[in-house]
Amino acid sequence: MEYFLELFFSGLTRGSIYALLALGYTMVYGIIALINFAHGEIYMIGAFTALIAASILALLGISGLSLLVLAGAIAVVYASSYGYTVEKIAYKPLRNAPRLSPLISAIGMSIFLQNYVLLAQTSDFVSFPQLIPDFEFMENYRSFMQPSDLVIISTTVVMMVLLTIFIKFTKIGKAMRATSQDKTMAMLSGVNVDRVISVTFITGSALAAVGGVLISSHVGQINFYIGFIAGLKAFTAAVLGGIGSIPGAVLGALILGCTESFAAGYISSDYEDVFAFGLLVLILIFRPSGLLGRKPSEKV
Amino acid sequence: MNRVIKETFNSLVVAVWFMFLTFPIMAVKVNTVEKVITWRLINVVYVGICAFVLSFFWHYLMKKRLKKKDDENTWQNLTALKLKQQKKLMPLLAAVVIAAAIAFPLVFSGYQVSVVTTALMYVVLGLGLNIEVGLAGLLDLGYVAFYAVGAYTYALLYHHFGISFWIALPLGAILAAIFGVLLGLPVLRLRGDYLAIVTLGFAEIIRLVLNNWSSFSMGPSGIADIAQPSVLGKTLTLKQSSDFLYYIMIVLVILTIFVVGRLRNSRIGRAWIAMREDETACRSMGINITRAKLTAFALGATWAGMMGCVFAAKTTFVNPASFTFWESIIILSIVVLGGMGSIAGVILGAFILILLPEYLQSISQIRMLIFGACMVLMMVFRPQGIISGIRQHYRWKENT
Numbered sequence: 001m002e003y004f005l006e007l008f009f010s011g012l013t014r015g016s017i018y019a020l021l022a023l024g025y026t027m028v029y030g031i032i033a034l035i036n037f038a039h040g041e042i043y044m045i046g047a048f049t050a051l052i053a054a055s056i057l058a059l060l061g062i063s064g065l066s067l068l069v070l071a072g073a074i075a076v077v078y079a080s081s082y083g084y085t086v087e088k089i090a091y092k093p094l095r096n097a098p099r100l101s102p103l104i105s106a107i108g109m110s111i112f113l114q115n116y117v118l119l120a121q122t123s124d125f126v127s128f129p130q131l132i133p134d135f136e137f138m139e140n141y142r143s144f145m146q147p148s149d150l151v152i153i154s155t156t157v158v159m160m161v162l163l164t165i166f167i168k169f170t171k172i173g174k175a176m177r178a179t180s181q182d183k184t185m186a187m188l189s190g191v192n193v194d195r196v197i198s199v200t201f202i203t204g205s206a207l208a209a210v211g212g213v214l215i216s217s218h219v220g221q222i223n224f225y226i227g228f229i230a231g232l233k234a235f236t237a238a239v240l241g242g243i244g245s246i247p248g249a250v251l252g253a254l255i256l257g258c259t260e261s262f263a264a265g266y267i268s269s270d271y272e273d274v275f276a277f278g279l280l281v282l283i284l285i286f287r288p289s290g291l292l293g294r295k296p297s298e299k300v
Numbered sequence: 001m002n003r004v005i006k007e008t009f010n011s012l013v014v015a016v017w018f019m020f021l022t023f024p025i026m027a028v029k030v031n032t033v034e035k036v037i038t039w040r041l042i043n044v045v046y047v048g049i050c051a052f053v054l055s056f057f058w059h060y061l062m063k064k065r066l067k068k069k070d071d072e073n074t075w076q077n078l079t080a081l082k083l084k085q086q087k088k089l090m091p092l093l094a095a096v097v098i099a100a101a102i103a104f105p106l107v108f109s110g111y112q113v114s115v116v117t118t119a120l121m122y123v124v125l126g127l128g129l130n131i132e133v134g135l136a137g138l139l140d141l142g143y144v145a146f147y148a149v150g151a152y153t154y155a156l157l158y159h160h161f162g163i164s165f166w167i168a169l170p171l172g173a174i175l176a177a178i179f180g181v182l183l184g185l186p187v188l189r190l191r192g193d194y195l196a197i198v199t200l201g202f203a204e205i206i207r208l209v210l211n212n213w214s215s216f217s218m219g220p221s222g223i224a225d226i227a228q229p230s231v232l233g234k235t236l237t238l239k240q241s242s243d244f245l246y247y248i249m250i251v252l253v254i255l256t257i258f259v260v261g262r263l264r265n266s267r268i269g270r271a272w273i274a275m276r277e278d279e280t281a282c283r284s285m286g287i288n289i290t291r292a293k294l295t296a297f298a299l300g301a302t303w304a305g306m307m308g309c310v311f312a313a314k315t316t317f318v319n320p321a322s323f324t325f326w327e328s329i330i331i332l333s334i335v336v337l338g339g340m341g342s343i344a345g346v347i348l349g350a351f352i353l354i355l356l357p358e359y360l361q362s363i364s365q366i367r368m369l370i371f372g373a374c375m376v377l378m379m380v381f382r383p384q385g386i387i388s389g390i391r392q393h394y395r396w397k398e399n400t
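Each protein sequence line maps, in turn, to chains A and B. Quick note on numbering: the working numbering labels position 224 of the first sequence as 224, and the sequence is numbered without any gaps. Quick note on numbering: the working numbering labels position 25 of the second sequence as 25, and the sequence is numbered without any gaps.
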């Protein structure tokens with residue numbers, strides 16, 4: 001039972017990180033129908049910025065929970081700025097281009113950002129300081145749940161709630177929903193679509209940075225390539241839940257995280273990805289637009 | 001004058017923004033083991049200057065792009081016209097190219113021949129994927145799976161039964177086509193990006209199985225000592241066999257161009273293009289969508305299977321690390337960068353994307369950075385690819 005719980009919580013942790021990343025994919029996809037391949041790189045840049053910020057702040061004598069919050073906040077600011085800039089350079093000029101062109105542009109951006117970090121920093125794995133403090137009240141649950149699991153899962157829940165409030169109740173959130181339903185109509189009703197798209201990228205990147213900082217602290221090391229794999233998985237999760245749907249992305253991410261964790265724990269860690277992708281294929285065969293995705297209307 | 005000041009101010013803002021953006025990653029380097037922080041503030045100054053200059057270029061090119069957009073359509077017609085005029089010159093041009101291609105290994109070193117052979121392999125892979133993506137509009141992010149199937153077909157058959165390259169080549173092609181249909185069947189109902197992720201997942205599953213099922217595929221250590229193709233049982237020297245492989249590739253490229261060109265204008269090719277444009281409309285015109293999709297997958301995969309065999313023979317070694325998602329991305333980039341649906345574009349794209357990083361190796365430090373930047377710029381300023389595909393026009397001829 002304890003082993004089961006351990007796997008379950010590690011799956012939830014993994015799923016939470018995928019969820020934070022998958023939201024970025026799904027929001028961008030919902031609005032401009034683009035697979036933002038550079039999203040994983042934003043997450044990686046967030047992690048690197050946090051590492052640098054944390055090292056400087058630690059020299060200044062800051063420690064504990066405030067170090068995590070400060071470093072995380074700096075990472076969020078920088079990741080959002082990168083997300084905003086990437087959109088302006090690589091996607092905005094391509095609004096009316098053929099469908100595959102922004103995809104290739106995104107891949108190019110992903111290669112560029114990876115190599116930018118590789119050249120400016122290093123190609124090796126760097127150890128990441130443990131920013132998440134060791135809570136004492138967790139002593140009794142240590143056998144199946146780490147403090148970082150708790151922090152990651154609860155932060156993700158808070159983020160989800162904030163995001164839901166943001167989208168449901170703010171003016172810009174309303175504009176986002178309108179844009180994702182019908183871009184032209186939203187424009188005609190006076191929505192500044194360019195701004196909505198920018199905000200979407202900024203929000204998505206901020207969530208990715210939060211995920212990047214938390215998981216790096218949990219795992220303990222980063223390199224320039226971490227964004228690629230995580231991005232691929234998060235994108236899979238977004239599609240699993242139905243791309244463009246926000247609750248779908250979270251559901252898909254949690255299912256994917258748990259599947260991987262259980263497959264690795266009970267069967268073999270060599271095959272965890274096989275199970276993840278196998279599950280994706282199976283679900284899409286029976287529900288071609290994902291778990292919670294809307295079926296697109298067919299028009300001629 | 002006012003405009004100059006305004007543009008200078010804009011560029012200044014851009015420069016400051018980029019200095020802010022690159023500050024932590026460019027200026028600070030942390031050694032987490034010894035807890036030392038190195039400051040490299042000068043880098044940020046360089047970034048600022050570069051951003052300032054580049055921002056001028058960017059604005060200039062953007063303005064030019066806006067102007068060009070107005071006569072986009074006429075431009076496409078122009079290329080069509082130009083190509084029509086060149087039709088007469090085509091046989092001559094083809095003859096010159098083929099002659100140069102045949103003479104190439106006699107003049108250049110083994111290394112050059114090997115590099116160009118690789119580029120030729122990617123031409124065929126690009127043309128194969130072009131059937132799926134460019135013609136049929138099925139976004140396949142897992143094309144490398146078929147490549148792996150072909151490579152492992154030859155590697156395993158040779159390893160266990162000593163079967164020669166010439167028998168493995170058609171077998172690899174057929175097996176890849178079967179895998180194409182196997183992948184195609186479950187995904188018939190999927191569209192666009194759902195299809196993309198399933199193909200990606202399929203390719204990853206194949207790679208992971210090859211990686212982990214050691215008793216079948218020797219796992220990550222791969223299969224070594226695969227024989228290169230031979231002529232009439234003679235053993236060839238290293239240079240001879242690499243030249244021979246080069247000539248095989250030339251023949252295969254010509255074959256591919258011929259077959260894909262014929263396919264495009266055939267009944268099934270036109271069905272693919274119709275399906276790409278609009279599936280529902282296409283179905284209502286009486287085209288069997290199921291068959292069109294499956295043939296697109298099968299015929300696209302065939303070429304990848306063949307190239308897999310050639311790859312195994314060329315490197316004499318296969319392991320799963322050669323068949324990552326990255327490889328699919330490169331092939332897709334060849335198709336899109338070259339120009340979807342256009343044969344000449346794909347050929348050009350393959351040569352650029354394979355030869356450029358190869359010859360930029362002297363500046364290997366930043367070559368991938370440049371490569372990524374080029375991909376973005378290319379798409380921003382020429383989203384339809386280098387040579388855009390030309391649609392067949394039928395013109396009404398009046399009898400006067």
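Because the hints were derived from the structure by calculation, they are not lab data. Please read these numbers as outputs of a predicted model, since none were measured by experiment. Ideal placement from N, C-alpha and C gives every residue a C-beta, glycine not left out. Be aware that a few hints might be false.
[Stated by the list, open to error] Pairs of lysine-lysine residues, derived as DSSO-like cross-links and limited to a Cα-Cα distance of at most 30 Å, are as follows:
id, chain 1, residue 1, chain 2, residue 2
1, A, K183, A, K88
2, B, K6, B, K63
3, B, K239, A, K92
4, A, K183, A, K168
5, B, K67, B, K29
6, A, K88, B, K63
7, A, K168, B, K239
8, A, K88, A, K168
9, B, K64, B, K6
10, A, K174, A, K92
11, A, K88, B, K6
12, B, K6, A, K92
13, A, K88, A, K174
14, A, K183, A, K171
15, A, K183, B, K67
16, A, K92, A, K168
17, A, K88, B, K29
18, A, K183, A, K92
19, A, K92, B, K35
20, A, K183, B, K29
21, B, K35, A, K88
22, A, K92, A, K171
23, B, K67, A, K88
24, A, K88, A, K171
25, B, K63, A, K92
[Claimed, not checked] If you want a taste of the chain B side facing chain A, the calculated C-beta under 7 Å gives, among others:
id, residue
26, I329
27, I330
28, V336
29, A373
30, V376
31, M379
32, P383
33, I386
34, I387
Hints, one by one, checked against the model:
| no. | hint | result |
| --- | --- | --- |
| 1 | A:K183 / A:K88 | holds, 18 Å |
| 2 | B:K6 / B:K63 | holds, 15 Å |
| 3 | B:K239 / A:K92 | violated, 50 Å |
| 4 | A:K183 / A:K168 | holds, 18 Å |
| 5 | B:K67 / B:K29 | violated, 44 Å |
| 6 | A:K88 / B:K63 | holds, 16 Å |
| 7 | A:K168 / B:K239 | violated, 68 Å |
| 8 | A:K88 / A:K168 | holds, 26 Å |
| 9 | B:K64 / B:K6 | holds, 18 Å |
| 10 | A:K174 / A:K92 | holds, 22 Å |
| 11 | A:K88 / B:K6 | holds, 20 Å |
| 12 | B:K6 / A:K92 | holds, 22 Å |
| 13 | A:K88 / A:K174 | holds, 22 Å |
| 14 | A:K183 / A:K171 | holds, 16 Å |
| 15 | A:K183 / B:K67 | holds, 25 Å |
| 16 | A:K92 / A:K168 | holds, 26 Å |
| 17 | A:K88 / B:K29 | holds, 28 Å |
| 18 | A:K183 / A:K92 | holds, 14 Å |
| 19 | A:K92 / B:K35 | violated, 41 Å |
| 20 | A:K183 / B:K29 | violated, 43 Å |
| 21 | B:K35 / A:K88 | violated, 36 Å |
| 22 | A:K92 / A:K171 | holds, 23 Å |
| 23 | B:K67 / A:K88 | holds, 20 Å |
| 24 | A:K88 / A:K171 | holds, 23 Å |
| 25 | B:K63 / A:K92 | holds, 14 Å |
| 26 | I329 | holds, 6 Å |
| 27 | I330 | violated, 10 Å |
| 28 | V336 | holds, 5 Å |
| 29 | A373 | holds, 5 Å |
| 30 | V376 | holds, 4 Å |
| 31 | M379 | holds, 4 Å |
| 32 | P383 | holds, 4 Å |
| 33 | I386 | violated, 12 Å |
| 34 | I387 | violated, 14 Å |
Taken one by one, the earlier hints fail for this structure at numbers 3, 5, 7, 19, 20, 21, 27, 33, 34, listed in ascending order.
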